[in-house]
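Using the sequences and the hints given, assemble the complete structure.
Chains as they are written, first to last, in the working numbering: chain Z, 434 to 710; chain G, 167 to 736.
Hints listed in this document are in silico derivations from the structure and should not be mistaken for laboratory results. Nothing false has been slipped in among the hints.
For lysine-lysine, the following DSS-like pairs were computed, each having C-alpha atoms within a straight-line distance of at most 30 Å: (1) G:Lys422 with G:Lys441; (2) G:Lys580 with Z:Lys626; (3) G:Lys520 with Z:Lys626.
Per label pair, the in silico range of CB-to-CB distance: (4) G:Leu246 with Z:Phe675: 34 to 44 Å; (5) G:Lys482 with Z:Val593: 29 to 39 Å; (6) Z:Val684 with G:Ala631: 50 to 60 Å; (7) Z:Lys677 with G:Asp479: 31 to 41 Å; (8) G:Arg572 with Z:Gly678: 57 to 67 Å.
What you are looking at is a predicted structure, and each value in this text was computed from that prediction instead of being measured. Where is the CB? At the ideal position from N, CA and C, for every residue including glycine.
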Amino acid sequence: MSTKLFTYNFIDTPIHRLSGLTKLIAFLFLTFAVMFSYDIRVVLLVMAFSLWVMRLAKIKFSQIRLMVIYVAVFLITNTVITFFFSPEEGVKIYGTRHEIFHIIGPYTLTVEQLFYQTTKLFKYASVIPLGICFLLTTNPSEFASALNGVGVHYKAAYAVSLTLRYFPDIQREYRNISLSQQARGLDISHKAKFTTRVKNALLIIIPLVFSTLDRIELISNAMDLRGFGKHRKRSWYSRKKFTKGDVFALVLSAAIFAGTICVSVFINHGRFYNPFI
Amino acid sequence: MSSESIIEFREFSFQYYTQARPTLHNIDLTIRKGEKILIVGPSGSGKSTLGHCLNGLIPFSYKGEIKGSLKIAGKETKELDIFQLSKMLGTVLQDPDGQFVGLTVFEDIAFALENDTIPLPEMKERVQKAAAMVDMESFGFSSPYELSGGQKQRTSLAGVLVDDVEILLFDEPLANLDPATGMAAIEIIDEIHRKTDKTIVIIEHRLEDVLHRDIDRVILMNDGRILADMDADTLMASSLLAENGIREPLYVTAMKYAGVEVTAEHCAGHIDTLKTDRIREALSAWNDAVEHPQVKPASEPLLAMENIHFSYDGEKRIINNVSFSLEKGELMAIVGRNGAGKSTLSRLISGFEKESSGTISYLGEDISGLTIKERAQKIGVVMQNPNQMISKPMIYDEVALGLRLRGVEEDEIKKRVEKVLEICGLAPFRKWPIAALSFGQRKRVTIASILALNPEVIILDEPTAGQDFRHYTQIMEFVKQINRLGVAIILITHDMHLMLEYATRAVVISGGEKIADARPSDVLTDSDVIERANLKETSLYRLSQMTGIADGTGFVQNFIDYDKKVRVHQ
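Following this line, the structure appears as structure tokens:
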């Protein structure tokens, strides 16, 4: 269906072949790297890298279009709100003030603010391709087996896998309920007042919760009947062996993380890169 | 079959802690090794509770007080836990969708082995073997989304067979399956039974469908007690089925209509064994005597679909050039297998999806410009599961919701809601919380909440799914009553009884195309349509062929006409 946000889909690429755990650790390394650094050069490099990874995984734009739109809306809102609440943040950080033009009242656009906000925008934007890659190329059960492999209890690991597994189902259910409530006259457009919209959202969420609870009872019975939770350990049908590719991916992502820290410590002497002094 | 007993209930009673009265009373039942048993009973008869006692969900997940004794393979179940039980008795639950745990067929089959910490090489071998038993090896890496309902059920079966259990318990295996798939499911259960000689217990209320293959004994339950324990032939000769709200096979009903007094000597348990020479004359005489009702003149078309095409991605056609129309006050059915596109049609009509080309018109006017909300005032949609629609705690508020969202005055709302509650027989409950209602009553509430908007068409998606005969009849008689008020009804279903008994016309969809638009009696006797739409030939047609009645379709239509008259008199 056209409404799927993300679903795991198997194709044979180097990224798909990596173990789920490798992908999780690499994802965390790279995310920490860009979250830590406010150096736009580093951020852009990581972004280029993550786009390359996405290409390697043969992810098509049509698969992620909807998600990209959501993220874009979020980022733009975030940028506007940041400017609205602290228009002088950039000046505070970089210690200089180059005005471009005065807008209204306390709002003046400065080069510093523009630079600060651009950096921030790209920081967030560069995490997205990584997240998409992780979600689209990781088999949920294989990921659960990997989590279990590093010591996470298998019940917790399986809960994660089931969440990923049922995500598309819940999405479909959400859409159906939302449409049927719209048919009854529910307005979910942005025209309605905020309080009305919250109230209206409940009209969709309540049926969703109840039908999801039905589903949970069913699946937990099915699992009990097939011996889930009998022993303290379990084996995994979809476990992957750790390969050279995994080692390479881990070393590479660790190196990028270390590199980012080094840039901050030795070159920028702080988290911010300051081109104004 | 040996004489050794494998399941033994002795003065067994069970009461849920949450209930005031016991659900099972003094059950005494012995099932021998290698037997194939069918347990039938209406909803609330205790048959599912009995199943839960067998597989250990009681008391593992559902707590309550157990009295008496239940032994499986000589062991008292009170002393076993659910895991030990699962090694002796494997359960295939209804709704294969919800219990598909793995992401691929092989992984799902392996689930029980994984929990038993079986090493990977042995696991792969056993999974292969189990998949081969149900002919699913070639789908090993398919995800549940790519499988049909029947394939999912085969996978569930393999997931149980992989453990080499002695007893197989099927809990309503036919719910949610279309007729042809249901028939195939019964065949595969029979095949496993013959090949492996395992003991088989089937819990189901669709009696005729299960009797498609041999059954050693039928156990009839009601009100938590066992009322009958006999072979199918004797059961057909008794009046127990009708008295306990179980639908008897249609061919048996036809025999009774023809004045035949059914006895065990007729061997009516399975249609294949039926002794036809004794009933030939009676049936033929009855068939000639049935009066035909006057055909109503065609009224004007209310809703018309013309050359509708639809596709999500512009490539794969989900709906291909479908045209049909609905007359004012008509009650029609759209039938077809799961995934044939029948639900998509209803989504197109209600505006949930937009057709790629073609026109949908209402009273001659194109409605493509209308929003979902505007269309809902003319065409209401009731979803299959009432839990998907109910969002208010009180009945009155739920029915009033659509009107309130439209900003109707509170006085006017009160008038309309009261009237709808009256029509729907819900007036005495108006102050009740919805949580206190049964499934059928909730369904009524959802229909009422749509009716409050005064639509001229109501689309019902599988209105009777999972309901026993009594609730099925209650829901459908209510729908009929709404229909008599002049509201046209579209039933979306794969239930053959539903279309045979209630619809005057059926549009059959297969692979996104319309393959038939005719009376249900024509559809269910046309072997080509039956095969393409995963339907099943009605046993009435078979009966007519076996007794040498030339016009089989006419016979089926006669049955429908006669049956409607009998119903009116009741």
